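*Asks:* Please work from the sequences and hints to get the whole structure.
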Amino acid sequence: MKFYEFLDKQPGIGKLVIVEGTERVFADRALEVVLDRLLPVDVRELNLSRFTPDDLGDLSALREALSAMPFLADRRVVIVTEAQTMRADPRRELWAAAQAVPEGSTLVLLDLLAPRSQRPQSFGSLAGRTGLRIDTTADEASRERFIVDTLERLGAKADARAVNALAGGTADLTSVRNDLEKLALSAKKITVNDLEREALEIGDPKPYEYASALVDGKTAQALAIAHEFLSENARGAVALLGALATECGYLYALSVPGGELPERMRWRERYLRPVARRVGERRLQRAFRYALHGIEAVVTGQSGGDPEDHFSLVDRISVDLSRLFAH
Numbered sequence: 168m169k170f171y172e173f174l175d176k177q178p179g180i181g182k183l184v185i186v187e188g189t190e191r192v193f194a195d196r197a198l199e200v201v202l203d204r205l206l207p208v209d210v211r212e213l214n215l216s217r218f219t220p221d222d223l224g225d226l227s228a229l230r231e232a233l234s235a236m237p238f239l240a241d242r243r244v245v246i247v248t249e250a251q252t253m254r255a256d257p258r259r260e261l262w263a264a265a266q267a268v269p270e271g272s273t274l275v276l277l278d279l280l281a282p283r284s285q286r287p288q289s290f291g292s293l294a295g296r297t298g299l300r301i302d303t304t305a306d307e308a309s310r311e312r313f314i315v316d317t318l319e320r321l322g323a324k325a326d327a328r329a330v331n332a333l334a335g336g337t338a339d340l341t342s343v344r345n346d347l348e349k350l351a352l353s354a355k356k357i358t359v360n361d362l363e364r365e366a367l368e369i370g371d372p373k374p375y376e377y378a379s380a381l382v383d384g385k386t387a388q389a390l391a392i393a394h395e396f397l398s399e400n401a402r403g404a405v406a407l408l409g410a411l412a413t414e415c416g417y418l419y420a421l422s423v424p425g426g427e428l429p430e431r432m433r434w435r436e437r438y439l440r441p442v443a444r445r446v447g448e449r450r451l452q453r454a455f456r457y458a459l460h461g462i463e464a465v466v467t468g469q470s471g472g473d474p475e476d477h478f479s480l481v482d483r484i485s486v487d488l489s490r491l492f493a494h
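168 is the number of the first residue of the sequence shown in our numbering; add one for each residue after it.
Source of the hints: derived by calculation from the structure; they are not laboratory data. In this text the structure is predicted, and so the values were computed from the model without any measurement. Check before you lean on any hint, since a few could be wrong.
Listed below are the simulated SDA-like cross-link pairs for lysine to any residue, each with C-alpha atoms no more than 20 Å apart in a straight line [stated by the list, open to error]:
#, residue 1, residue 2
1, Lys-349, Gly-336
2, Lys-176, Arg-310
3, Lys-373, Thr-341
4, Lys-169, Glu-307
5, Lys-385, Asp-487
6, Lys-324, Lys-373
7, Lys-373, Ala-351
Label-pair ranges, simulated between beta-carbon atoms [unchecked claim]:
#, residue 1, residue 2, range
8, Arg-230, Asp-203, 24 to 30 Å
9, Pro-178, Gln-288, 21 to 27 Å
10, Pro-441, Asp-473, 36 to 42 Å
11, Leu-459, Asp-209, 43 to 49 Å
Here a beta-carbon is modelled for each residue, glycine too, at the ideal position from N, C-alpha and C.
*Replies:* And the structure:
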């Protein structure tokens with residue numbers, strides 16, 4: 168069922184939930200709602216296990232988590248994120264485990280592929296009616312509802328033309344949300360002219376999504392974005408590392424006494440300052456310099472001139488820096 172249908176109808180949740188589709192902001196919200204419905208906050212950490220593809224290995228830990236008895240709750244919940252990044256053999260093994268979830272447990276797979284994807288075949292299409300499928304793909308109606316809900320949350324307004332322009336656009340909803348938050352700080356009522364001035368949909372947002380995911384500790388998600396971007400842009404390593412250097416620069420600015428963001432980026436401070444505080448000035452300075460050295464290696468040819476060399480460089484920098492940003 169579609170994302171908003173899931174929110175409105177509150178269907179029963181059984182042993183298997185598959186969050187599919189392509190809108191990250193809907194996927195994150197769907198996961199929050201599933202957890203809120205299944206596990207009260209006071210017993211959540213005692214009955215919740217999370218895995219990324221890097222954590223799965225031979226799936227023994229996953230199967231052990233699924234088999235454990237709930238503690239002071241009706242069920243246990245096991246989540247596997249970024250399943251869409253897994254290769255064919257691990258996906259087959261994970262699907263075999265998904266078909267054997269014991270009573271008292273719920274397995275949630277975040278498999279952010281189009282529901283009809285064949286390469287790889289989506290878990291949702293394999294499940295059919297045997298699990299709860301939540302499709303996060305956004306059409307114009309769901310985009311409009313999201314925009315209206317976001318404006319209401321922000322206490323902001325937008326004229327009908329601006330709402331229609333965003334609803335009919337192609338920017339992912341995470342970018343739309345961020346842009347609305349920014350515009351709501353300075354405009355009493357957002358207009359089409361405001362949207363045009365900010366050029367909300369100019370340029371590919373993937374490098375910035377990659378950088379944001381990496382500094383937020385979501386390494387598997389960041390690598391998935393980077394690989395997709397590099398497969399479509401042979402010279403995309405500079406854009407990715409440039410976005411990473413920019414993000415590290417903003418965080419470093421917030422980590423030093425009296426540091427602040429440029430005026431046009433102040434709207435992001437409430438998201439970045441907790442990260443800057445957690446990571447610290449010294450490590451952020453190292454991260455910023457490391458990203459810059461990566462750009463230099465690409466531009467000067469030190470990293471090699473083949474696309475595979477750039478993949479390797481971005482992977483290496485991402486993994487190395489992920490240790491600095493790990494929660």
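*Asks:* Evaluate each hint against the coordinates.
*Replies:* Hint-by-hint comparison with the structure:
Distance check on the hinted pair: Lys-349 and Gly-336 sit about 18 Å apart at the alpha-carbon level, within 20 Å; holds. Under the criterion of a C-alpha separation no larger than 20 Å, the hint pairing Lys-176 with Arg-310 is consistent with the structure, at around 19 Å. Annotation: proposed proximity of Lys-373 to Thr-341 holds, straight-line Cα distance about 11 Å (limit 20 Å). Between Lys-169 and Glu-307, the direct Cα distance comes to roughly 13 Å. Compliance with the 20 Å bound is thereby established for this hinted pair.
Of the pairs offered as hints, the one joining Lys-385 and Asp-487 holds, with about 13 Å between alpha carbons and a cut-off of 20 Å not exceeded. Distance hint between Lys-324 and Lys-373 is unfulfilled; the C-alpha atoms sit about 28 Å from each other, more than 20 Å. Distance check on the hinted pair: Lys-373 and Ala-351 sit about 23 Å apart at the alpha-carbon level, beyond 20 Å; violated. Taken as a hint, the range 24 to 30 Å holds for the pair Arg-230 and Asp-203, whose Cβ atoms sit roughly 26 Å apart.
The given range of 21 to 27 Å is respected by Pro-178 and Gln-288, whose C-beta atoms sit roughly 24 Å from each other. Taken as a hint, the range 36 to 42 Å holds for the pair Pro-441 and Asp-473, whose Cβ atoms sit roughly 39 Å apart. Range check, Leu-459 to Asp-209: about 45 Å between beta-carbon atoms, so the 43 to 49 Å window is met.
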